[in-house]
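2 protein chains.
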Amino acid sequence: MAKPLILVTNDDGITAPGLRHLIRYLKDFGDIVVVAPDSPQSGKGHAITVDDTLFLNQMSVDEGAQKEYSCSGTPADCVKLAMRELLDRKPDLCVSGINHGSNASINVIYSGTMSAAIEAGIEGIPAIGFSLCDHAWGADFKPAEAAIKRIVAESLEKGIPNGVILNVNIPNVSETELKGIKVCRQARANWREKFDKRQSPSGKDYYWLTGEFELLDNGEDTDEWALAKNYISVVPTQFDLTAYHAVQQLNEWEL
Amino acid sequence: MAKPLILVTNDDGITAPGLRHLIRYLKDFGDIVVVAPDSPQSGKGHAITVDDTLFLNQMSVDEGAQKEYSCSGTPADCVKLAMRELLDRKPDLCVSGINHGSNASINVIYSGTMSAAIEAGIEGIPAIGFSLCDHAWGADFKPAEAAIKRIVAESLEKGIPNGVILNVNIPNVSETELKGIKVCRQARANWREKFDKRQSPSGKDYYWLTGEFELLDNGEDTDEWALAKNYISVVPTQFDLTAYHAVQQLNEWEL
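Heads up: the protein sequence lines correspond to chains A and B, in order.
Each residue of the first sequence is one higher than the one before, starting from 1 at the first, in the UniProt record's numbering.
Each residue of the second sequence is one higher than the one before, starting from 1 at the first, in the UniProt record's numbering.
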């Protein structure tokens, strides 16, 4: 029987330590093909390249049995190109990450990591995005290893429900501090942006986006609650954005 | 009493005919401020500019009472900059579009038009994205005028439910062929990509994304069904991506 085929991608780029750790954690689960951006793509949301060229380069960043390709496009482009141009069969799983930084709560909307996983989900491939709540390039991914392996093993054995993508976030704590894994809902939250306004040498105003995360949710069933309590959060995430609860109210409008 | 403040944006760029028509249709509803990308941003999904500079330029494309600004960033950046740097009060409504091309069914995931509206929704601003199912720059927006005005009037009068954004798509037919407005759910669909593989003058392979839309849904309550029957579709859309129906199943995993 063929080993499971696992497509691995991310948004921090093909050389990112989070991706390199993920490849090592996954290597005993199946045949690994990596298709990842050739440069950082954080905050790219579900962008795709519709009016520009795309390049793919086979390469070898680390030793190992995995095949690796870098792609000039977005995380979603990586998944599309892998499916249509590189893989000879449908992957059994797509794993994106490990992201350097949280994709919990509203961050899922802006996340390139999750957009790659969601793109795979749209294609009918079981998919997971992993993120560690530490932006540092030198972040410690080791405490996450056991939980990542357990979630991947359960995903392959039990099957992720169709149309559902797992958004897994890992708190930035040591292995002994980790309390376990909780299935959660996405917390209500927002970013309070502050734009840092500057002047160019020629006197033109420009802005840098900065901001502070604002939690708007006191629930004890959210990903933010779980992370604050040192649990790994797993949010089942979907791409049917219909707000079914609002249909009746809108049907009362005079349209 | 102050007139309603309406923030207008799009993803096709500040000079796009769809935006220019939208401004004219909205001008009697309130004070209009336009903050739109300085270049086309189709397919940008919910991208934001996290590691680059952003520029804003006040300008005047058409005559009228509206204030207009072009922005070097994505549609979501336009909304963030408008909120934090340009507007002296919270808008009563954000309207994005009129997009040149459909944002029905799975297109909502890739849509810059809808990402701007969703960004406003995250900020607690009632928001609507309008799209005409015709990619042509010279598309005929006139048949959509009456329905757009009715939807905007009802939105201001009745109030869009909190956390809900309206995704409105308009079939490309004449005014007499339009059958009315239907509240719908997002149809299940996918893009069957085909990459057009070419060689650069120096012999390097590259790809252009092309593809065909594939409807995977026979329901008669979807946006695609409504559009095919010459109805305008209104899908209430949300940014809580939690797949609540999957929580129980995942809780049975050994995690």
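Honestly, I wouldn't trust all of these hints.
No copy labels: a pair is met if it fits in one copy or bridges any two.
Said to hold, decoys possible - Taking lysine to aspartate or glutamate pairs in the EDC-like style, the calculated list, with each CA pair at most 16 Å apart, reads:
hint	residue 1	residue 2
1	Lys-3	Asp-92
2	Lys-90	Glu-193
3	Lys-229	Asp-51
4	Lys-229	Asp-38
5	Lys-194	Glu-212
6	Lys-229	Glu-157
7	Lys-179	Asp-62
8	Lys-149	Glu-254
9	Lys-179	Glu-254
Simulated from the structure, these hints should not be mistaken for laboratory data.
> Which of the listed hints are broken here?
Replying inline: 3, 4, 6 and 7
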